[in-house]
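S.K.: Listed below are the residues making up each chain.
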Amino acid sequence: MAGTSTDGADAPYWANLSDGRLSMQCCQGCGDWKWPAVTRCGRCGTDEPQWRELPFEAVVFSWTKVHYAFGGTDGIAAPYITVLAALPQAGNRRLFGLFEGDETQLDFDLPLVGRASTTRFGSIDIPSIRWRLA
Amino acid sequence: MAKGIYGKAAVAGIGMLQFKRGQSPLSERKALVQAIVKACEDAGLHPSEVDGFVSYGDDRSNEPPRLMPELGTKELHFATQVWSGGGGGLLGGFELAAMAIATGHAKAVIVFRALVEGSTGRLATAVSEHHVNQHYAGVGMMAIAPLFAIRARRLAKQCPFIPAAVEALVQADYYHAARNPEALAYGRPFDIEDYRQSRWIAEPFHLYDCSRESDGAAAVLLVSAEHARDLKAKPIHMLGANFGAPAGWGDLLENDEDFSRNGFSVTARRLWEQTGLGPKDIDVTQIYENFSYQSVLALIEFGLTSYEAAAEDIRFDNLIAPSGKMPVNTAGGNLAGGFIHGMDVVIEAIRQLRGDSANPVPDARTCLVTGGPGAPSSSAIFANEMP
Ligand SMILES: [Zn+2]
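First to last, the sequence lines map onto chains A and B. When we follow my numbering, the leftmost residue of the first sequence carries the number 1, and every step to the right adds one. When we follow my numbering, the leftmost residue of the second sequence carries the number 1, and every step to the right adds one.
Looking at chain B on its own, in the form it has when it is part of the complex (with noise of 0.2 Å):
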């Protein structure tokens, strides 16, 4: 498939505020404007030069034009989002950016995303409503968690090895958060025995099964890669990204054709065709969170480990910074360390790769970041040096 995007654009500055749900001092326009001034700083670029605007996940508030008395924009080139109600889009809106910037559409790109529950109401019901019709409604299917539940159950019918994979990923998903001191569960000791314990949501969904939904904003600079050698902050390389689904999946009313997968396979195989690395190229993760076990499969369709390795490879030890041989979400991911849809991912795979993050994997040069489960879905590449 077209390289057309391999190396092209940068990360050239991060911003994110994140508050407890229902807690932001800011309301959500604010905490955008906030998230995308500091990327700018963090890049050393005026806010007024950023001239497109990416977002995913039915953002209906944030129309970019609306943003442009706020930042003094002197002229808008670009303003767009993805398709799709959850976090599939994620990387898309990556993948966007990134095209707009290697075709010379635009030249200062913001990926952002933002949800203030003050402003905007949960993010849980805006993604219900997104999905959610008659068919659903009649059995009580209101919300993503029991409808993750349902295909939970099925996977670990058909991958007996899931259970002790999920505990391992949400321990280690604390253990990064207590050491990192902007995630939700900063400081807070979490003993598998709490989650065995906690309430449950729909079964099999414990409460540490899901993800800690936050209020706040996220915004992610990206320039040609040319133009972020003259900025501030070391760029970031993003070698590939991109959005998809394979056939047989999308909104199908639960008749997606394998519940043993998330339908990555069309945006994993797109990824390593675009970046011409592969699994073993990959030095740490971060996989978008919605529910534990969805994100096991992460793991294993986009290949850092296999159905038959996945018992032996899923484990605390490996998965933790800095000693695991697999590091994921060395943040505490979305389930600790925060979720503002997702964005939190990506932040932590700059940070991890600049070589700030709290949790910092030795020599790290390529970060995995992965979308939402349930295609479609996206995924991408990011490095500190072009390989």
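Same shape as in the complex, but just chain A (with noise of 0.2 Å):
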């Protein structure tokens, strides 16, 4: 892996996952939502943006079926529904998860719920989301 993280800016994301609880990045002087977690807005140049506390809500924006087995993927068996979600109150930025549930209804723009979760990587676990159907 690239690294376990995305250079270290995202570590309250894991931190905060790891406890269950959902965090973005919002830049406290534009108000701009910063997805992947950055070390200064590029927009208007503050340093360290703030963490913010969100509910796991989100909206379908895209998903896929893996049916193949990836290297890398023997702590979920394919196949497997992996969702890109939209978070309406993160200004739409996107994080992934694993779907859950009846995939029959599965759709565009559908609103989802989500719970945090660990997926087996070799030997750590990983904390990640978890979404379904709202």
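Some hints here could point you the wrong way.
Derived pair list, reagent style EDC-like, types lysine to aspartate or glutamate, alpha-carbon separation capped at 16 Å [as the list claims (entries may be wrong)]:
#, chain 1, residue 1, chain 2, residue 2
1, B, K232, B, D42
2, B, K157, A, D107
3, B, K8, B, D230
4, B, K157, A, D109
5, B, K8, B, E226
6, A, K65, B, E203
7, A, K65, A, D125
8, B, K234, B, D42
9, B, K157, B, D258
The hints are simulated quantities; they were obtained by calculation from the structure and are not laboratory data. Note that the structure is a prediction, hence the values are computed from the model and not measured.
Starting from the two chains in their separate frames, assemble the complex, guided by the hints.
M.R.: Given below as structure tokens:
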């Protein structure tokens, strides 16, 4: 893996998710939601944008059902569905998650609710989100 | 923008060795050295005269100084590669080579890519390693295919013509490959039902939506336009090449701004500025294809067609040589021809303009080559005469 995170700027995200809480960065200078996490807001120049806690609420932006057992997915038995979810309360920034529940109803723009979980990866458990239809 | 490299460099030689994945009888180093020697022989230039090397896509094994003993390199003046893990850097390599030649920093530059699974492992794994971090690993996004599948599904929602256009492109690739003895799918009958019935990789991608990763090596020799006139092969001029990304694109955990695009806007605009040409001046196009859906977008983003006209223009009959109005991927493309990380499409551009393609486009004078999708990307225009 290219590092375990995006250069450490997202350390609070991982710490909070491990605690069952969802958080993302929002610039205190210009109000722009930042994702991936950054050390400086490129829009207004503010250093260290603030972290804000968010509800696990999103809408379906897109998804794929993965049938092929790619290396590194042993902890998730194929086929599985990965959802890219847009968070209206975070400027529609997108977060991944594994989908759980009834996939026959899955469609664009439907509301999702999520929960914090973990995914086994090699010898570690990576915090990750599970999304299901609201 | 600066037209500093316009027509300054020309392709004087090409060399490619391609095998089915995992079946190369040669080590990666040996395949690469042979490809470079072939490119030099094609040009009639002694390999020891090559003084510059460029690669892209995270080549970690074939550092140019290590090639010197095998090529007999007299002096090394230029060795570099383009940032980005995928094929986005493909034509950026040609831009750098031309810049070095135009400024006199190097005289004979090889742009290369080499991939032999038995030596350095799967390309797909290497590309994934470049991009994948804990955000991806936690949700099973351990390869580029499912990531691009997510983009493709959204793309198809925003552009409903896309699935039919994808089928036309895949069919055109296999049509050309079936007629190209060097293509991996040479002689293989292909029916669109084969495509539709093929197994899922990551929905909406079937097996045939994905590029056929090959073993092998490819090398393209560039020299100045003047120097090329004195060499053996017909010079193929490089009118323009560039690399770049617009704002809102990059490795952004799938937060790229617009999933109905590929981030080609910067490289496309600059290519037309650089060359003074427009889409109507392009006779044939070679598209870098990692996946079919994204390749269709290249035709639109480079202006060969539009979102409005795409359903009408991107039809099988239009895409094939010699009769189509918008011939693409005349060697079979990366889906059916072969995939040494995209170098295949550059090699075909040169062959097509020399009149050596297995699927010739009558009177082709210019060829557009587009790099990997999802910015940064790159593009170039080659021509067999200066306009
Ligand atoms: Zn800001």
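S.K.: Each hint: holds or not?
M.R.: So, going through the hints one by one against the coordinates:
1. B:K232 / B:D42: Cα-Cα ~7 Å, so holds.
2. B:K157 / A:D107: Holds, because 11 Å separates the two Cα atoms, which is no more than 16 Å.
3. B:K8 / B:D230: 15 Å, holds
4. B:K157 / A:D109: 11 Å, holds
5. B:K8 / B:E226: 8 Å, holds
6. A:K65 / B:E203: 5 Å, holds
7. A:K65 / A:D125: 22 Å, violated
8. B:K234 / B:D42: 10 Å, holds
9. B:K157 / B:D258: Holds. K157 (chain B) to D258 (chain B) sits at ~12 Å (cutoff 16 Å).
Hint 7 from the earlier list is the only one contradicted by this structure; the remaining hints agree with it.
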